Amino acid sequence: MEPIIRFTSSLVVLPAENVDTDQIIPARFLKVTDKAGLGESLFADWRYGPDGTPDPEFVLNRPEARGAEVLVAGHNFGCGSSREHAPWALRGYGFRAVVSTYFADIFRNNALKNGLLPVRVDGEAHARLLRLAAEPGARVTVDLESQTLTLPDGTEARFPIEPFAKHCLLNGLDELGFLLAEEERIAEYESTHPARVRTVAPGAR
Amino acid sequence: MTEPRTLFRKIWDAHLVRAETAEAPAVLYVDLHLVHEVTSPQAFTQLRERGLRVRRPDRTVATMDHSTPTLPRMPGGGFPVSDAQAAAQLAQLEANCREFGIPLFALGSEKQGIVHVIGPERGLTQPGMTIVCGDSHTSTHGAFGALAFGIGTSEVGHVLATQCLLQSRPRTMEVRVDGRLRPGVTAKDVILAIIAKIGIGGGTGHVFEYTGEAIRALGMEERMTICNMSIEGGARAGLVAPDDATFEYLAGREFAPTGAAWDAAVAEWRRLPGDEAAEYDASVALDASALTPMITYGTNPGMGIPIDGAVPEPAAAADASQRAALEKALRYMDLQPGQPLIGKPVDVVFIGSCTNSRVSDLRAAAEVMRGRRVAEGVRMLVVPGSQEVKRQAEAEGLDRVFREAGAEWREAGCSMCIAMNGDQISAGEYAVSTSNRNFEGRQGKGGRTFLASPLTAAATAVRGAITDPRTLLG
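Residue numbers (our numbering), protein chains in the order written: chain G, 1 to 205; chain A, 1001 to 1474.
None of these hints come from the bench; they were simulated from the model.
Treat the hints with care, since some could be wrong.
Straight-line Cα separation of at most 25 Å, DMTMM-like style, residue types lysine to aspartate or glutamate; simulated pairs [as the list claims (entries may be wrong)]:
1. K1197/A - E1213/A
2. K1328/A - E145/G
3. K1010/A - D1281/A
4. K1010/A - E188/G
5. K35/G - E1023/A
6. K166/G - E1023/A
7. K1328/A - E124/G
8. K1010/A - E2/G
9. K1010/A - E183/G
10. K166/G - D1287/A
11. K1445/A - E1327/A
12. K1010/A - E162/G
13. K1328/A - E57/G
14. K1344/A - E1327/A
15. K1344/A - D1319/A
16. K1010/A - E1268/A
17. K35/G - E1049/A
18. K1328/A - E162/G
19. K166/G - E145/G
20. K166/G - D45/G
21. K1445/A - D55/G
22. K1010/A - E1394/A
23. K1010/A - E1110/A
24. K1445/A - D45/G
25. K166/G - D143/G
26. K1445/A - E57/G
27. K1328/A - D55/G
28. K1344/A - E1429/A
29. K35/G - D174/G
Taking CB as the label site, the calculated pair distances span [unchecked claim]:
30. E184/G - A1324/A: 38 to 44 Å
31. H167/G - G1343/A: 34 to 40 Å
32. A127/G - A1282/A: 53 to 59 Å
Because the structure is a prediction, the values reported are computed rather than measured.
From the three backbone atoms N, C-alpha and C, an ideal C-beta is built for every residue, glycine too.
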């Protein structure tokens, strides 16, 4: 996983609240067995017309959206399903951070595991960012180490992140290694907590 | 003397392989891992790439449900899978389960069905367990007093490899429903009313514990309907304390303990309900006796109203953002502010999904349909949640009621709830659906969904327009 430390980028504003995972990546694109190419289908139903051509009105299709690594959206971004295809699609498109006033729990967990930073700011900073983003050439800086988002006017907004997730993102680590290192404790737990349900009979493989 | 604990906290504490610290989340043990075709392929790939095995195939079970056809087998015996991509995904699950020794209820198995229907049905879901699945409606299993929640594919990989997850402890919210439900008002109406009250983000960061007289009075399948939609209120999990109804449901099921083990299990389960003095981080209360059948009008499950109500006025919204959201939703749904929903013509009625596809749901719908016809021009799909539900419904003659009314009686699966298998509504069409999400395009690109109970869905099918089911009930 590519580490996130500090980066500066232009932004795309999607002002809707409660942007659900069915909008981020519609279910018909989930019939894949890998993660490749999902960026093409990001926001597919909003981004493309019925004939498949890009809708020039949609924010991602405007010329100024090109190269933006930060998406700004309304509250409760990522609500709905557990599909990790949502952060895969956002990362595949090129986003590295989403700014909102809060995120749905499962989406947030999934984003953190894919180098997509959920930047949670308060309503005041969010409203200010929406105003400033309308200016041509507006850019923000995301600094994970100091947990600050620097707005286009130079003001800073702090954002929360758990120390462990921060450590993983800063170093480009995934969590599986930490769990595998707990083998001894896991085995000990299993020896003192026998299973009530066994889906396969012991020895049957 | 330990401090009083909630049901959630008791289960959480009992599954800590390592407690949470300031620097690291808890390592939480998973008792049961449910797997399906859509959210698992990339996790198995990760295992293969790292040379890892599945740590506990005996605590894992897989089924096929999301992209499976609900039409009968073809004359040659093959399944009419909608497209090559879906077929490849199903084949991949089969290959993965074979390679890693995971039991699979594949298409054609008498145990196949929607993952959240078969867990309880087979007795795999039991009180006090931790249960995860790469599916947000895993909250369904909370009806048994289990801590059950949806996870992403990375976490599916973590559980396959280690049977554990790194988790921070969520907060708790008591959702108390007192009073008694009136006739024609169901569990689905209760959960739609709860979500309408707290909003779809209202439970974010929390686990719900459903309490109160009205919850206690519900059967297990109704509790599953309520817990199922906890995620639609923003909560990853929702729990009901186990009681005699829970034990009665589980007794004798395939994976439930027997003999002395059963007695020991029940004794343990009786200690699970939250302590009297336990405190929740938040609470919300509802009076069941004041509820009517509910229906959604908009594009998220929180946009719900009593069925005899009117579409809200965006002008009355609390702030500009909410007003914009409401206007956008009404534009998508092509509805006018102030418009009543009763009498609104619909094109499709769908009875099914992990929310409402169990035999009690089908009985309720059949009660309305018996001796009546699906209205001219309306397409009605009835999709049982599992092959077991299908067999039971057929044994009771419910399939005949639906077929004779002109509805389509299908094979088990997620079907039109997520519209991945070819079962879908067309752009511009209106559907009344017993499923859980009315997001834009959820049931087919451009399609418009009204969420409601099986009673309301059946009554609507008969009249061809949104109908208060109480007008058709004896």
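Could you work out which earlier hints the structure fails to respect and list their numbers in ascending sequence?
-> 2, 5, 8, 10, 15, 18, 20, 22, 23, 30, 31 and 32
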